[in-house]
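**Q** Next come the chains, spelled out residue by residue.
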Amino acid sequence: MRVSPYFKRYKAYYIMLILPIVYFIIFRYGPIIGNVLAFRKYVPGGSIYGEEWVGLQYFKMFWNDPSFWKAFQNTILLSVMNLAITFTLPILFALLLNEILNKKIKTVIQTISYFPNFVAVVVVVGMLKEILSPTSGIVNSFLGYFGIDPIFFVNEPGWFRTIYISSDIWQFMGWNAIIYTAALSSVDTQLYEAAEMDGAGRWRQTLSVTIPQILPTISVVLIISLGSMLMLGFEKVLLLYTPSNSVTSEIIDTFVFRMGLQNNNYSYATAVGLFGGLIGLVLVSAGNYISRKISGFSLY
Amino acid sequence: MLYRRSLGFKWFMVINSVIMLLLVAAILIPFLHLLSVSLSHSSAVVGGKVGIWPKGFNLDAYVRVFEHPSIIVGFKNSIFQTVLGTTLSLFMLTICAYPLSKRTLKGRKLLILFIMFTMFFSGGLIPTYMLVKSLGLLDTIWAIVLPFSITPYYLLLMMTYFGGIPEEIEESAMLDGLGPFRILVKIVLPLSKPILAALTLFLIVYYWNNWFNSMIYLNNTDKHPVMMIVRNIISGSELAGNAAAVGDIGNSVSTASLKAAAIMSTTLPIMLIFPFTQKYFAKGVMIGSVKG
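Chains W and F, in that order, give the protein sequences. The first sequence begins at 1 in my numbering and counts up one residue at a time. The second sequence begins at 1001 in my numbering and counts up one residue at a time.
Quick caveat, the hints were computed from the structure, so don't treat them as lab data. Treat the hints loosely; a few may be bogus.
[To be verified] Only part of the chain F face toward chain W is listed, based on derived beta-carbon distances under 8 Å:
| id | residue |
| --- | --- |
| 1 | I1019 |
| 2 | P1030 |
| 3 | L1034 |
| 4 | V1037 |
| 5 | G1051 |
| 6 | W1053 |
| 7 | C1096 |
| 8 | Y1098 |
| 9 | K1102 |
| 10 | Y1129 |
| 11 | F1181 |
| 12 | M1227 |
| 13 | V1230 |
| 14 | A1256 |
| 15 | I1263 |
| 16 | S1265 |
[Stated by the list, open to error] Keeping only pairs whose Cα atoms sit at most 35 Å apart, straight-line, the calculated DSBU-like set for lysine-lysine is:
| id | chain 1 | residue 1 | chain 2 | residue 2 |
| --- | --- | --- | --- | --- |
| 17 | F | K1109 | W | K11 |
| 18 | F | K1109 | F | K1055 |
| 19 | F | K1193 | W | K104 |
Backbone N, C-alpha and C fix where the C-beta goes; we use that ideal spot for every residue, glycine too.
Could you put the whole structure together from the sequences, leaning on the hints where they help?
**A** Shown next as structure tokens:
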């Protein structure tokens, strides 16, 4: 048999790819196929793909489950509020940082600002719980000076979203601003000089030069984050979850975790997870499609 | 720049500097506060008198945390998970990204689609758990490092970087008789230090900070990483009965100090590598964003 010159030259590349392809088939497509469990009855000790078809039984079950709809509503509310705030602040931060004239100070501020991105979520929640503690927390002792009684922040359903979103700002604002800082530093300085000649002040220059120059970056980031908005910080929500704040802190992901891994309702939890995953897929694909149409940028 | 002389601009600069100062303070104060709590005497901590400076300085909280037997084991487990996980991921990412960065490779588009699809739609928590369980990986380190060894996003970063290396360099090496494996190790990898550094650091941070996979896949607490133990300490299930233990060392350590000390000692490794490596972190993000 004659081996084609193409294959002779590229054989090694295909050999390299064997292991990764096996990995993707087993560990990435295995669980995707495993979603059939949502349509099949699971018997403990039986096949992970279930024993018999039950159709949409589990979907009907969660569809009629008010606690699922509570989790669904919480997911949407938290996602929308979180997106509105954590999308806007990095842009403002990057714009303000850009006005710091001393390069060294600028770098130092930027470096400090994105350090929290690397702090473990366990540590972030641990810090929150300490700082907000009703007995020894710094926030409550500060409020005490004004005669306000200690508030058990991490147990109050009304405070959950505020805590989640503010800690998200603390964790990710600096990191998410990097892309804008880079876009700002590549704006042609001649544009500013020209605007200056036309008598534009700094505010005018920001509006007419800076913002239009970074608008493509902003729109791409917006579309991508709209697409992935339902991907909340599951681990953080799980760590912040207490039975007393569950009215607001139960989201789809934690609902799946509790139903599946804590109550062993595997098929039921798989059905809920699949439903959430499909909504996410639709959002991401739509975001990606629009982004490619508008700016030529897409994730794939 | 004329506008810099205007009064309005000077006011803006002052206000802006104050905003930046407040931001930096807001990021650093939680750390400073926890550090002082971990170093303070219990009487000051319980009374809520500790700000960002220790009161009644002592190291007893750290002594107690490190006397806790599972913490030392946890550190060992974390190091093991981090080293094995990072090494395995880098290896898998490299052998996957390098061939796929060759634009002339037949079937490349199809393979990339096959891989990238998993970025948008994944199996979800329960099917992944069931798979790991059925493969008999529960309670082994492989449950932690295997299922997540190739992150599609990191693969994308690496492919983009490899794709930017001029083809001519590799062509001439090929004429010298080097095969693709040798070219990868001797030429491509040494040229890819920035992306390798960035991904190594991302992976180290990922494995070091991970606790959730250990919680669901490792029933044997002797295998738990330190983050899992910190999580138990914070939720109060570990170091329980510490009232008695606190009595042993003269009541100088409060529960809050113990939690703070646990938090600080696990974050310290990240804090120590961060200043030296932060330029690579930023580079990693930028490589991802310039892809057109």
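**Q** Looking back at the numbered hints, which does the structure fail to meet, lowest number first?
**A** Violated: hints 6, 16 and 18.
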